[in-house]
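Sequences and hints are given; from them, build the entire structure.
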Amino acid sequence: MAKYDPLKRYLARQKSPSVELSFTEMERLIGALLPKRAVALAWWSEDITGPGFIVSFAGSERVCFKRC
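Residue numbers for the sequence shown, in the working numbering: 1 to 68.
I should point out that these hints are in silico values taken from the structure, not numbers from a laboratory.
Be a bit skeptical, because a hint or two may be false.
To be verified - The calculated DSSO-like cross-link candidates involving lysine-lysine, where the alpha carbons are at most 27 Å apart (straight line), are: (1) 8 x 36; (2) 15 x 66; (3) 3 x 15; (4) 3 x 66; (5) 36 x 66; (6) 66 x 8; (7) 36 x 3.
Only a predicted model underlies this, so the values are computations on that prediction, with no experimental measurement involved.
Structure representation (structure tokens):
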């Protein structure tokens, strides 16, 4: 299982057009700490969320995922 698969599955189950999660919530989902550079929007462009979501905001230890 890839590290971020639990996050991908969680997002796939969501029905709303956007989902905002704190770093703590995501770390609980994946069972590991996010890297320090995860505060930068550019880090999220590496497609860890899989198809169906883009990251519209990353910072202050919160990330907003928008369904595309």
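A quick look at each hint next to the structure:
no.	hint	in the structure
1	8 x 36	holds (20 Å)
2	15 x 66	holds (11 Å)
3	3 x 15	holds (23 Å)
4	3 x 66	holds (21 Å)
5	36 x 66	holds (22 Å)
6	66 x 8	holds (13 Å)
7	36 x 3	holds (16 Å)
In this structure, none of the earlier numbered hints is contradicted; all agree with it.
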